[in-house]
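Trainee: Below, each chain spelled out in residue letters.
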Amino acid sequence: MAELVIENLTKRFGEVLAVDSVSLHVAEGEFVTLLGPSGCGKSTTLAAIAGLDRPDGGRIRIGGTVCFDDRSGTFLPPEARNCGLVFQSYALWPHMTVFDNVVFPLTLRKVPAAERRRRVEEVLALVEMEAYADRYPHQLSGGQQQRVALARTLVYRPAILLLDEPLSNLDAKLRDRARAWLAELRTRLGLTTIYVTHDQIEALSLSDRIVVMNRGRVAQVGPPQEVYERPADPFVADFIGTTNFLPGRVVETADARALVALGDGQRVAVRTARPPAPGARVTLAYRPEQIRIAEAGEMPAGAGSVVAARVASRAYVGGRWQLGLDLGGSPLRLETAAPPAGDRLRLWLPADGAILFQGSTDVSLV
Amino acid sequence: MSGAALPAAGAPGARAAAHSWREAPIQYATALLTLVLVAAPLLPVLYQSVVDRPLYDAGRQLTLGNFVRLARTEGFGLVLWNTFAFAALTTLIAQVLGTLAAVLFGRTDLPAARLLGELFLWPIYLSALVLSFGWYTVYGPSGYLTMLWNAVFEEPFWDLYTLPGMAAIAGVSLAPVAYIYCMSSATITDPSLEEAARVAGAGTFRTLSRITLPLLLPAIAYSAVLNFTVALELLAIPLVFGEPAGITVLTTFLYTQGVAGIRPDHGLAATAAALMLAVVCLLVWLQGRLLGNTRRFVTLGGKATRPRPFRLGRLRWPLFALAALYILATVVAPIGVLVLRAFASFLSPMVPLSEVLSLANFAQLFAEPIYSRAVWNSLVVSAVGGALATALIAMIAVIVHRSDFRFREPLHYAALFPRAVPGVVAGIGFFYAIALMPGLGEIRNTIWVLVIAFTMRFIPTGFGAVAPMLLQVSPDLDRAARVQGADWWTTCRRVVLPLMRPALLACYTILFISFFKEYTTAIFLFAPGSEVIGTALLHLWIQGEAGLVAALAAIQVGVIAACVAAARAAFGVRLHG
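Respectively, the protein sequence lines represent chains A and B.
Position one of the first sequence corresponds to residue 170 (my numbering), numbered consecutively onward.
Position one of the second sequence corresponds to residue 989 (my numbering), numbered consecutively onward.
The shape of chain B in the complex, shown without the other chains (with noise of 0.2 Å):
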């Protein structure tokens, strides 16, 4: 041991203490711009709701005459027959689709099993609105495989402009969820529980329907009351195979009557709103309630060992077949064609691919300045409305997880509460909001406003991948900091935050997807010099510019599956669950 004296007395711990003031302020700061965010959208609404008139005239009296005027609308009931009939049936396919893909890809020994359930899970990744498009350019009347078909045989056997043709799209796009939720469990339950039956003489397909499946309910539920929400929510499906055929559902409904129609009913589009507003809260209530029972559930569960795969035997190669059928019916396909229509000049069966192959589509959708700047808006919004989203979740997930701040059970409360507030809803809120508020008008036409309603959207996806990062890292961490003379905020600034850089990447990752593929909100909000790509996506499907909705929308999967693939190779982050 050396000699050396201990270093000189420090100064005393009352210069930290001068800092201690900043704590109050960026904590309520931080706490009052989340709630006046989240509540925003939905005051507005619910005040509409119960006016007789619009917001913005005077002279408005209280009045329950909005929820009987709904309710005498003609065909209203049959809007909510085909709202639950459809999210019902979607979510039967979804549950169905992701819980053999589970099995199948998650605890069999299929070829290229991971390939596949990778593959699985695109549909997650990418817009309803461009799974739509896709789906529309393979199966729609005039599709490639409609007119391969009616070559061969007479009238294709699917339409998809009908209830299980929308459920169908919807399911498959819904499917990954369930898929995922499966997977996590599987991988968490006890595989011993499986082993035990084996050795208790169950082959592979009685431990697989006695002992796997059940296990899996709990998952199989959670993520169905999941999709049954997302179900609801959805837009762009009804409104691109739903309205043709004269199916409104709900989110179709409120489009028509609050911002597509001529003469919008303020009312009754506030009313459905909160209408739907209230559906969806206590589904959001029951998933919470489902994931407390999951949790119960999993605490059985043992280590996380790898489970031994079942032999699928002589069915394996069949199912494979089966598996990469179905792959390339509902994944490859419509985003394959999706994209090669993006660079042909018109693609049928008949004509040779060489022919037509041309980047015409793409000199004429940056030919036009409104294109070339939804596209230029939609990264704007996304890199620059990401990164501040991103910001704002930080302070309130180290507000929520790591202070003594007074109201941080009910600024984590407000932070998720924007699960339960549908697209649709948030988009109309938005919209009367920004009308009523006389200071917002400077930022009704630029893209700031949808990165306010995007923030407000995502706030809590976000947060679920930055709070489990952040209950990782040890509390003692940010104490040792403290005890040493730091304040709340430069321990935050200098040692969770820091720490958090990987959660917070992620966090960024997943919002500039989000924010980039989302439309529902946007179509509420969006004007002249304001678009972004779904709302560009929308106009030019109405105008009925196949090679350039086709373009639009290839431009969005490209930049989605670049950064799908660079946030994989840079920091191994899984970008959903």
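So that you can see chain A by itself, here it is in the shape it has in the complex (with noise of 0.2 Å):
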């Protein structure tokens, strides 16, 4: 186990700017996430960990051992930074069994056979998969193989555990599954684990830090509930979490509140830490779970505020409706139990846990 210091990683591939000077401090024993859409830089930041791509600039440093620094033109070889790296379509050797496979990584630092095996077979009860050290692995399920990826990686104790996206090739419900199973192996062996994935769900439910990267780029870094709750741009507020939009200008502003005239005219008051000057462009993010149907009679109040919009399309999908709505020329996506009856329909937007954006943003391109 050892920590993981990233300082201004830097990879290009020709014109592009792949990793942009991402630095990270990933403590000994801490599981962070590695968040963000395809082609974010999440998996070049992998593979430079790894050792499988040379960076073109910064340092990496896994626990004493520098593995990478462009001033002193150290690149250490993947071989030779002890890492355990579960891949995404496991590569698992197809010509060897489970057990071969297993005891491969074993082999190579020449521990005696007794203890290669007593190791293998600890390992493999560790991942519930004893039963199958016979099997080759096309004769396993997805589920099946990605736990005997998981045992070849933890038998020879990694200085850290890398996994990229690890889930992404089950199915919905064995995911869900292997997610909870994932979960309780970090509890019990508290590795230092980087974890990539674009899944908001694995990054939520597993990370004690998530950063959420952006072409290149660390948008943000903090616990699961900071960067759900108090997303740093609106790019991590859209990716992590639906969440609608909606542009105005500030029209007053009074101790920590603000009230924003959206496009057209409807007036919003929101709470906000340090309201912007009056007639500042802002952008206002909503969780769908933040927006509700306002009930016949309700009135603005100091806790929320009521809005007309009009209803641009319904669907239902099981058990509730969702709503596409128009507000003030800006679209908004609703949940709710009951459909309305017509085409107008009054919201109710909460004052606390709206969250005011500087400008105006262009959301089609987040």
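If you are wondering where the hints come from, they were derived from the structure by calculation, not from laboratory data.
Careful, some of the hints might be misleading.
[Claimed, not checked] Part of the chain A face toward chain B, derived, beta carbon under 8 Å:
1) A260
2) R278
3) A282
[As the list claims (entries may be wrong)] Here are a few chain B residues that sit away from chain A, every Cβ distance over 12 Å (derived from the structure):
4) Y1113
5) L1181
6) A1233
7) L1310
8) A1469
9) W1476
From the three backbone atoms N, C-alpha and C, an ideal C-beta is built for every residue, glycine too.
Need the complex rebuilt from these two chains, each delivered in its own frame; the hints are there to steer you.
Mentor: See below:
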């Protein structure tokens, strides 16, 4: 087990900056998730940590070992870093049995035969695959292959564990079970772990901290709840959880409150620590679960605002309805148990919990 | 979940790093070996072409005189014309036959299309030398069919000792190449393109001529350049049929000037070889360009679903008869009669077969130590040389496709370069190289010089069998081993190479067959003691021992047939394409 320190990591593919001076400090035993859409640089960062790709600049240190340093020209090959990497494809060697796959790293480390056998049995028991030692990978299901891949990595107790979208090849039901299993295993092992995924639920439920990446840069680092509730920018807000964006202009401010006029002139009150000056362009972000249809006769109060919206589309998705709304020219998504009667309705927007971003945001970009 | 604790910490990764030094020497050694192998025959040829006396003589001076002399050599213009006419005619015949066969056997409801297609391919498994003898036994002046024809009609309408006669044999033996390229293009081509034409109201033959054939054009064009190149390099057919009739082409010119003549003119031979090398390089470059275009064309295609065969209707059986007759006349008869001749003391339509059947040819063949030695040498060169070449090719492939070796692109280029080196040029080149290199005298008269030359010749062939499979092995599999602490070489040995086993077996089989039937390079390099079947065949041919030629050829046909059958049964590999 070891800490991981990344400083100003940079990697170019031709003209494209795949990773743009990323810095990150992962403490011993910490579970950190790199989260972002495809092409955001998370897998490239992981490959750089494992030593599979040579970065163009920066430093990588694992425990006391400097693995990469552009100033001194240090670059350790992957085999010298003692990392454990579980591939998205599992990468089990098809010509070897489960036992041979798992024992391979121990053979490389010249562990005596008796101990090799004992440790393979131990780790296969840990992932509940001890009955399958003589099978070949193609005889296993996807979930079983994933466990063997993990066992093959854990058996030599790597300094850090790297997981590259390990659940993405499983079907939805199996994925939920595997996630719960992984969460339990993680608490027990306490390994320093870097987990790469584009799935926000995996990231939120497993991590100590989440690193949201966008276009090669770190957009936000923080514990799951903080990233979800206080996204640093509209990209993070949109990527983690569905978010409705409402552009507007500040018309009035008072201690930690701002009154924002939407495109069609309707006014919305939000609570914010540092309200911008009146006249500033802003974007309000609401989670779908924060918005609800206003009850009949409900009036704006200190806790929230009531606005009128038009129903643009409705779809029954099993047990509830998904509504597409139009509020002052901005699209809005909302789920409700009972559909509204007409194509007009009134919405209740809470003042607390809404996030106010400076400037107008082209939401279609994120 | 069991309550087992995680195993104790393993050894630090630094141990694995201790092996990392192995990577560079292995990669550099392989690259250097490949470079030496490829450059060895080329540099002496190019050098000899610009000096004024044989390479082994002292006092050499640089000169362009050889080129002037070659240009002024009487009849050299005719040699060039013959070469071009022969190659062009051969290509034309091969493309027409190959395309027709691909459409007929691959796209229509012709009876027994699969079997006919298999038989159509047979000429590429055999050496052109054996095919020449086969044609000679059937259609030669005293051939079986010629005599039959003479008995019934007057003169036969064919004469193999002419440019069209030679081109017919060569065209038939190269038609499978066009066939293979068309077939693989037809299977990739989206069948919905044809179906669209039919839905639009086009009939069978209109669809064939307006849609199917135009879609095959890239494949036809590419294989045409390929066949033209092979026809330029062909030695056997011009040697067997052209030389007696006084028709000289570039390869036979090189053969007579370079080795067979009483006083070989090395300057002239090397200059002609350099000229040929330049032309073939140009053609191979053209192949590369065309292949790029072909790929671009093919990406239009959709899924590789089996297209619906065209219905031939009333023409079905007449076309079948025609195709069967063709296969009988060009494949079954030449090979069959040649094998039959091997088991007969004499073969004539006037004499009943039962009276002439005997094993005397084989008895006589094996009574002569030269010929049994030739068979044995061929087997050793193919079995051992094929294995060594496969090992080298495997190393080149993993370095080119699975390492971060600095010079892997140049290595890739060097490994594929022998495609541009005709067999006769490689033969002359190695002949010079061995005469020139002081340390190589030891191997001069052994079969190992053949192993070296054949390996150089067939690196691209073997590489073509190995590389596609290697590219299909997910790089994650070797990355996984690297991350776990295996250095590059351990990863190759334990993960990559074992995964490539089927491809390596296919490569070995292809090389075994290629080495076994190779004669072009060998006739420049063999010496008493290092004869192989190809050189012995020519030797016997010159002596006029038709029965022994047939017996030796039958042995070659038998071994290759057994190999092809075994390879198919064992791992279902396709030995072509």
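Trainee: Please settle this one: Y1113(B) was flagged as non-interface, so is its CB more than 12 Å from every CB on chain A?
Mentor: holds, 31 Å
Trainee: Is it the case that W1476(B) keeps its Cβ farther than 12 Å from each residue Cβ in chain A?
Mentor: violated, 8 Å
Trainee: Mind checking the CB of R278(A) against every CB in chain B and telling me if the closest is under 8 Å?
Mentor: This hint holds: R278(A) lies near chain B, its Cβ roughly 4 Å from the closest one there, short of 8 Å.
Trainee: Taking 12 Å as the cut and beta carbons as the points, is L1310(B) off the interface with chain A?
Mentor: holds, 47 Å
Trainee: According to the definition I'm using, a residue is off the interface if its beta carbon is farther than 12 Å from all beta carbons of the partner; does A1233(B) meet that for chain A?
Mentor: Its Cβ never comes within 12 Å of chain A, the nearest being 57 Å, so this holds.
Trainee: Is the Cβ of A1469(B) farther than 12 Å from every Cβ of chain A?
Mentor: violated, 7 Å
Trainee: Is the Cβ of L1181(B) more than 12 Å away from each Cβ in chain A?
Mentor: holds, 33 Å
Trainee: Should the hint that A260(A) touches chain B count as held when the rule is a Cβ pair under 8 Å?
Mentor: Cβ of A260(A) sits 4 Å from chain B, so the hint holds.
Trainee: If you take the shortest Cβ to Cβ gap from A282(A) to chain B, is it below 8 Å?
Mentor: violated, 15 Å
Violation of the numbered hints given earlier is confined to hints 3, 8, 9; the remaining hints are satisfied by the structure.
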